[in-house]
Amino acid sequence: MNDLDLDLVQKLIPDAPLPRADELAQARDRLTAAIRTAEDTERIVRAPATSSSGTHPRRRVPRRRRIPVPRPDRRLAVAAVAAAAVAAAVAAVLIAAPGHGGQRARPSAAPATINVAAATFLNQAATALQRQLAAPPSPGQFVYTENNEGDGRVERAWLSMDGSQPGLDLIWQGSRLVYDKTRPPCTVAQAELSAQTDGAEGGYCAVGGGYGPGYFANMPTDVGDLSAYLTKIGVAPTPSEASGMGSGWQANSLGKELAFLMPYIFLLPAQQAALFQLMAQTPGFTIVRGVRDAAGRTGVGIAWTYLNGPTQVIVFNPATYAYMGVTTTGPDASDGGATALVRMAFVSKAGQLP
Amino acid sequence: MRVMQRDATAVASDAEIIERSWLDPEQFAVLFDRHAPVIHRYAARRIGRDAADDLVAETFLAAFGKRLRYDREHPDARPWLYGIATKLVGQHRRDEHRQYRILQAAIPDPDLPGHDEQIAADQTARSLRHHLATAIADLPDNDRDVLILVAWEQLSYDEAARALVIPVGTVRSRLSRARSRIRAALAADGSSDTIREILSNE
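Heads up: the protein sequence lines correspond to chains R and A, in order. Quick note: the first sequence uses this note's numbering, first residue -14, plus one each step. Quick note: the second sequence uses this note's numbering, first residue 13, plus one each step.
Excised from the complex, chain R in its bound form (with noise of 0.2 Å):
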């Protein structure tokens, strides 16, 4: 086998240069930080160090007192007892009501905890959302999305109702068509068994971006099957997969991959009521009330910051609660990007115009 396909791979893909020291500076700074906090936390609940070389860090890590947690406090779990979760505050899921006792960490280190007004929010969107009704798109149609970008981009996408026939996604800057793609057909069933197979098996088949289907007709209506079904389509890390991943990862997890499918896919209410009680239950989220979306428009936002990151958003119409679009805030806002869903609707065909 010779390598000239390796060698495109290489050479074709413009090079990226290293980065300055400066141009990482932010992210050593949330490092030295989440530092400064272990070096706290340690300090508070390490035993005096007795060894000192050589092996491994089971073996060798002083033993350390368990953080006391008043029973009537813990609300979710404590996990990963001993001296990964103790000497990483930034790992350690320790999760606890806020205000309520617990292991107090600066705020940059702080377990990800369950969100009072956000998941009110989400609680009483959902339950209007359950009282709603709407057509699916029929056999044959295509759901259409028309997304604002926020750069001066418009994207249009085409997908085929349930993934059978080959999905469109074009991309305007003004008025010049800056991107042409066809998709690939990749129904419901091709991308679970893409996802169990690792791709091996159902061909390129992933869901969300613009890819697979473009409504989702078994995704359940009740949130206690709504995680397992994620992970299994592919659009959720697997357990093992998310462990490690730090605090917070939960609403990053399922923040980021939301934000990367409802653009382009029709949910029916009970489904989208589903989704937000998944997100109630999900440590991590906060609310944003009167944030903008890329499109200037004004909604509620469902926002979580990941280790000391952007603070990402995905923004909610305050009276239907329908997904409007998704953006950043705060001070590292340039760097997350938006976009606006400005229109969907169902055509017959990829490239028609509603």
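Don't take every hint at face value.
As the list claims (entries may be wrong) - A short list of chain A residues far from chain R (calculated; beta carbon distances all over 12 Å): (1) Asp26; (2) Asp170; (3) Val180; (4) Arg191.
Said to hold, decoys possible - The calculated DMTMM-like cross-link candidates involving lysine to aspartate or glutamate, where the alpha carbons are at most 25 Å apart (straight line), are: (5) R:Lys166 / R:Glu140; (6) R:Lys334 / R:Glu131; (7) R:Lys334 / R:Asp165; (8) R:Lys334 / R:Glu140; (9) R:Lys166 / R:Asp136; (10) A:Lys78 / A:Glu38; (11) R:Lys217 / R:Glu177; (12) A:Lys78 / A:Glu165; (13) R:Lys166 / A:Asp153; (14) A:Lys78 / A:Asp26; (15) A:Lys78 / A:Asp45; (16) R:Lys166 / A:Asp150; (17) R:Lys334 / A:Asp88; (18) R:Lys217 / A:Glu38; (19) R:Lys334 / R:Asp7; (20) R:Lys217 / A:Asp153; (21) A:Lys78 / R:Asp14; (22) A:Lys78 / A:Asp88.
Simulated from the structure, these hints should not be mistaken for laboratory data. By construction, the Cβ of each residue, glycine as well, lies at the ideal position given by its N, Cα and C atoms.
Fit chain A to the supplied structure of chain R, relying on the hints for placement.
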């Protein structure tokens, strides 16, 4: 004393630095200074420069949180860091697709002034890049991870296996599958001969 400590840090392996950080967390910053640039470049290639800043921070924060579980049998921590970064790329799929779109969208502007030959050469290179970016974007995520770690980051099969926590045989099979798909996609686009010619002239 301070000079001696700096010298000791300069020659210490990554595994030794990580081990020191178990009791002295500040030592972990040395690992950042050593490897953050290449992890950032890797991230920038996959998800774009802006999102790379975020991913690098997440990678080292996650690594710091997992440092007590680091296996000291491996002096070089780069595969471990690549593995964490690759796992986190999965959380930035929107950015990754955006990055491939940018590469795919590199269509020459016919209004730009220039010599005809140069414009034609630029068009050819951009067209090839478009086809290749499309082929890479259309790979299954796991196959793409292996291809990029081996082709761009020059990890050995063993290192890629360690990064992704999979057997070496799985690395080989995923890489083989990715290469087959790249070849098939380029052949279908009629680009192979032109690309071969360009590479032979370099």
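* To do: Would you list, in rising numerical order, the hints stated earlier that this structure does not obey?
  => The structure breaks hints 4, 17, 18, 19; every other hint is satisfied.
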